[in-house]
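Participant: The sequence shown maps to residues -2 to 538 in my numbering.
Take every hint as true, because none was put in to throw you off.
Here are the simulated DSS-like pairs of lysine-lysine, each with C-alpha atoms no more than 25 angstroms apart in a straight line:
#1 Lys288 with Lys483
#2 Lys92 with Lys50
#3 Lys304 with Lys92
#4 Lys85 with Lys50
#5 Lys288 with Lys428
#6 Lys318 with Lys483
#7 Lys428 with Lys483
#8 Lys428 with Lys318
#9 Lys50 with Lys302
#10 Lys50 with Lys304
If you're looking for bench data, these hints aren't it; they were derived computationally from the structure.
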Amino acid sequence: MSSGRAIGLAIATLFFGISYSIPVGAQVAGATLSGTITDSSGGVVPNTRVVVKNVATGVTMEVTTNSDGVYTAANLLPGDYAVTVSAKGYATEQKTGIVLTVGAQQVFDLTLHVGSTTEVMIVTAEPPALQLTSSDISAVVNATTVRELPLNGRSWTDLAELQPGVNAIHTQPDFSAGTDRGNRGFGQQLTISGARPQQNNYRLDGVSLNDYANGAPGSVLGGNLGVDAIQEFSVLTSNYSAEYGKTSGGVVNAITRSGTNQFHGSAYEFLRNSSLDSRNYFDVGKIPPFKRNQFGGAIGGPIFKDKTFFFADYEGIRQSKGISNLTVVPSQAARNGQICSNPAGADPSNPCTPLQLPVAPNTDPNGVDLNAKAYLTFYHLPDPGTVFGNGDLGTYTFVGQQVVNENFFTGRVDHRFSNSDSLFGTYMYDKTPYSSPDGLNNVEFDTLTSRQFASLEETHAFNSRFGNSIRVGGNHEGVANNQSLKAINPAAADASLGVGGSAFAGRDAAQVLMGGGDRFYRWGGRKPHLLLPLEFHPALR
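Please model the complete structure; the sequences and the hints are all you need to start from.
Facilitator: As structure tokens, this is what we get:
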């Protein structure tokens, strides 16, 4: 082939690749262990049998070194591992205490010594302090930290704040009815390395978990339950590789917990109430009632030992929280058409001039416009002794009860077909109805978040140098934000005087991902499918 034709073919190939390229999402959910097997003289040992065993599950992956003495075991579940290496003419060597973390590419080189394969040398591994195959800046929140640290609300994504360069944004609107927080996403937003929250990417088992606003995932309460169902997660702040594409901020990469060869379970309940609460400055009378029950349980174990495992987690929240609300309303005098009923109230040196509204054909006997009078019924009378200024306004205080009932479930099943073929699937369900009165105590609003997530991944190792993973996942979220539930003030039941609802937002994200490679080369692709419908209440149409 001539040099001209070769250059032309290269340009055409590059153009084709650019034209048909698609965004590449995170390919790595598990960990990769690789290394070089050498003898005591430093020479490589090809065709060496390397068995990587998960200590908790007993599941093994068997690979063989290539002609360069290199082995690679990809997509391993994070946890403790033991590696057994055997080759003809050498003593069998076992290394224990190898800890793999989510998304990590760790290198463990081993040296064999001359001897019989029946002779076993056991060595405790000392993991390197740095990942030698990656330049990303990241930190891992391990299983012990996730499950043992006291965590108010039990939202595992809050632990990301423990990492340098990660800060929570505390200026989001609160959860009370009438705010626009639901329109921007309910999850607790994070800024990672100074990036905007919408530039971050949250992944669970390799599938995007971002919400419909492309922000942090979360229920109405802003958190992500299921602490017991998270094996561990990493926070990548910068310099991560292309496999974590589709984002210019940080990456929160989590993996769900798998069952093991032993049954393990837990149950808990946390109770909080207002018995020890102090009085808020705006509280009138008794301290507003508050009761919160957070309860749940988790169980995991084998279906078939060393082969099939399951893990399931349920968590529920029942919360009723009283909030003191203060709003400014027209005084009784102003309702009667008396303007400036207290001339020197606001500024004694410059008093206002009292005025009684004149009676006209479109007014009541006090001179109040009939159209305006219809809307005055939406304003409660001020509390006694709270009229201020010139006497036109007063304050009305009430306790609004915010009620939340959240149900969260996660399930995972792992199956090992052979030492070179495995499959796992994850399903998550989270439904949270929330109700609260509006700021005038006229209408009780309801907000509902419903989230579903599913991921199915199959991994196959063809030989010591080449493996393939295919992952199919979906993330569905529906939000009904500030829908009128019932009228507290009878006047608010008349739909002609207002809009009885707000908006509905939903997100469907389906992903198909394929990836593969060896120790030196990795490839992958991702085909996303995103639907984001936005529907308004019929009263708005």
